[in-house]
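K.L.:
What follows is the residue order along each chain.
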Amino acid sequence: MPFPLDLHALGTPLTYTIFLIIGIGFGFMLEQAGFGRSTKLAAQFYFKDFAMFKVMFTAVITAMVLIYGSVAIGILDFRAVFVPGTYLWPIAIGAFILGVGFLIGGLCPGTSIAGAATLKIDAMVFLGGVVIGVFVFGETVPYFMDFWTTSDLGRLTIPDWLDLPAGLVVLFVLVAALFMFWGAEKLGKMTTGDDPADAPKARYVGAGILVLMAVAILLIGDPTTEDYWDAIAAEEQPLIDNREVQIHPGELLELMNDGYKNLILVDVRDQRDYNQFHLRAANQVAPTADAVEDAAPDLIGLDPRTVIVTMSNDEQDATTAWKSLTANNVINVYILEGGINGWLDIFGEDADPKPVNYPDELAFTFTSAIGGRCVASDPDAHEFHLVFEPKVKIAAAGAVVGGGCG
Amino acid sequence: MTIKPWGPSVHKGKAPNPRPFPNSYLVGVGLGVVLFLSVLITGDGLGASGAVQRVWAWFESLIVPHHVDTNIYLVKYAGGEAQPLNHWIVMLAIGVVIGGFISGFIGRRVYTEIVKGPLISNKTRLLFAMLGGSLVGFGARFARGCTSSQGLSGSALLSVGSWLFMMMFFAGALVAAPFFKKLWND
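Top line first, the protein sequences correspond to chains A and B.
My numbering numbers the first residue of the first sequence as 5 and each following residue consecutively.
My numbering numbers the first residue of the second sequence as 4 and each following residue consecutively.
Just chain B, with the same shape it has in the complex:
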C-alpha cells in the first residue's frame, strides 16, 4: 500500500512510516472482549450512529427549536427540555476519537491523508465519501443502528434482526461493488 502524505503529520520530522496492522484475528478477539465488557458492565453494546444523530439533533434544536419540537422523530432526542448530548453514546463516541488517536499514534499512522484508490482524484474520493456517508447515515437510522450496534453488538447477542442486518449489509455492498470498481481498484 503506497502512502501519499498530504499536509502535516503529528510524527514530526519524519516521513509517514506507518507500522503494519496486527493480525486480524487477534484484533477481532480484542474488539470482541471490548464488546463483551460493555455488555457485561453496562448492559449495552457498542454504537456510533446514535452519537451522530444526537449531536445533529442538538445542533438542529439550537437553530430551529420549534421545528424539532414538532418533528415526531426528532422530538424524542431534542424536544423541549431534552438534552440530546446528555447520553452515554456521546461519551462512547468521544472515547472512540481518543482510542483511535492513541492506536494511530502508536502505529505512527496519525497524519493528514486522503485515503483512496489509485485511479481517482482527491476531489472524486471526497465527493464519493460524502455521498457514501449520506447513504450510510440515512441507512443506519432507517435500520435503527449501524454496523457497530446492529451489526457487531446485536449479532453477538444473537438478535434475529441483527443477523438480517448483517446479511442485507453484505448484500448491499456486494451488489454495489461491480459498479464502483474504479473507486477502489487499480
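Isolated chain A (complex conformation):
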C-alpha cells in the first residue's frame, strides 16, 4: 500500500511544502464557498442560505467515498491514517460551546483565517477572539484535566463501533446526506425562493457517481488480514524462509530472564494442549485466524522494547500467527523455533515423548494437565548453557505519523 506516504522519509522541507500546498487548496475552497463571510455562514441557521450545509456535507461525502474507496482497492492503508480520538463528553460539550460561539461570531477558526486573508476586519477580530479562547483554555484545563480526559473510547470509527462493513456505513451516510440535500432544497424553496429546478442537473450525475462508488466499496469489502499480508509478503516472507525470525529456545530462555526487554508470549495452541503444558507466562490465543487477528490491536503501540514470541507445538500455527500479527502492524514478532515440542526436548525432563500423527501435534504426554506448574514452564537459566545464534533485533516503532489538529 503506497499511501499515505512515509513523511519521515520525505524529509521536513518536502513535507512542509506538501502541507503548504494542501493548505492553499483548503483556503481557496473555503473562500470560494463564501465561508470568509460571516453573514453567509450565520444565514444557514436562519435557513436563508444553505451554502454552509451543502458545502460541508458535500465535502464530507466526497472525501469519505474517495478515502474508503482507496482503502478498498488497496492503495491507502487506513491503519496509518490519523482518526481523531473519541472522547464522548469533552467532544459533546466542546462542540456545543463551539456551535454557540459560531452563531455569535459567524465564523470558525479555519474560515476566519480565509476571511482575514481577504481583509475582512470582523474575521481578523474573530481570530483574535479565538486566540483568547485558546489562551483561557490552556490556562484553565489543568483544573479540569480529569474531566477532559474522561470517556475516552480511543480511535473508533462507526464501522468498528457497529461492527458493520465500512462500505455499508459509507452507503448509508451517503444516502442520508443526499436525502438531507433534497430536504434542504425543498426548505430553501420556501425560505429563499430558490427553485431546485433551476439548479444544475449535473448534481444528479455527481450524486449517481458517488452512489455507484459506494456500492463498489461495499462489493469489494473491507481489507482482510490476507490482503494486508499480500501487500507485505514480498518483504516479509523471506524472513520466514531464511529463518531469521525463528528464535532458538535458548534465546527465548534468555529473553524470559531479560529485565530490560518486555516479553509477551503468544501460545496459539488449543485449550487442551495449553492445559497439558505451557510456558508459565504464556497467553493462550485460540489457533484460529479470527482469534489471532483480534489479539493484534492489544499488541500495537506497546513499549518499544517489547518482544513478542508466537509458539505452537511445532511451528506451523505459530508461523501463521506470525504472518497475521505482522500483517496487522504488530512489530518485533518472533517464532519459537521447534515450538513447544522443541522446548520440551531440551527442558522437559519429566515429559514422555510420544509419536505424532499430524502436523503441529504435541509430541509429549503428561500424567496430568500440569499447565504452567512444572520446571520446564520456567526453567532456571543458570542450569542450561545453550549455544544459539541470537536473532532478536528491536525494530524502531513508528508507522503512524498522525497528530490531527495537534
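Just so you know, the hints here were simulated from the structure itself, not pulled from any lab data.
Check each hint, because a few of them may be wrong.
Said to hold, decoys possible - Capping the alpha-carbon separation at 27 Å, the derived lysine-lysine pairs in BS3-like fashion look like this:
(1) A:Lys193 with B:Lys185
(2) B:Lys184 with A:Lys52
(3) A:Lys52 with B:Lys185
(4) A:Lys193 with A:Lys44
(5) A:Lys52 with B:Lys126
(6) A:Lys44 with A:Lys205
(7) B:Lys184 with A:Lys190
(8) A:Lys44 with B:Lys185
(9) B:Lys185 with A:Lys190
(10) B:Lys184 with B:Lys126
(11) A:Lys190 with A:Lys205
(12) B:Lys126 with B:Lys79
(13) A:Lys397 with A:Lys265
(14) A:Lys52 with A:Lys265
(15) A:Lys395 with A:Lys265
(16) A:Lys205 with A:Lys193
(17) A:Lys193 with B:Lys184
(18) A:Lys44 with A:Lys190
(19) A:Lys190 with A:Lys52
(20) A:Lys193 with A:Lys52
(21) A:Lys44 with B:Lys126
(22) B:Lys184 with A:Lys44
Predicted model, so just to flag it, every value in this text is computed and none were measured.
Could you slot chain B onto chain A? The hints should help.
P.N.:
Same frame as chain A, but now just chain B:
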C-alpha cells in the same frame, strides 16, 4: 447582499464588485477532494485551531517560559526545547491564508470590510466577533478539534466522536440562533 466598502481595496481604482460565489455542491466536491488528497498523501486531515494553539503557545513561551513549562497542557506544545511552530498544521494555516487570498483575488473580494447584519453597528459586530471567537477557540480546544478537523475531516473518516461533534455543533448554533437574531437579520 449589499457590500459596504470600508477602507482600501486591493482591486485598485474600482469600487468593490465581487463576483458571485460558485455552486455550493461544486465547491463542496472541490473541498472534499482537497481533504481526500490530504488524507491520502499525509495520513492527516485538515485542521485550523491547532495552528492558533501553536502560535499562541509559542508566544506565551516567549513571555513566561516557566509558566508554560509547568502547565500540564501547554508543556506538550511549548515546554522546554519544544518548537511549537515546527509543526505541519502551522504550514497548513499559512497555506489557508495564501489560498484564501488567491481565491478572493480571482473573485474580486479582497477589500477591507466589516461583514455584518444590517441592524447592528460596526462596534457591535466586532464585539460579538471577539466574543464568538473566544467561545469558538475555547470550545475547539475542549472538543479536541474544530469544524475543520473534527467536523470535516473526522466525519469523512467516519469517526464516532466526529459525528457526535457535528450533531452538538449544529445543536449549539441552532439553540443560540433565536437569541441572536438581531445580529444577522434585517
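K.L.:
Determine which of the earlier numbered hints do not hold for this structure and return their numbers in increasing order.
P.N.:
12, 14
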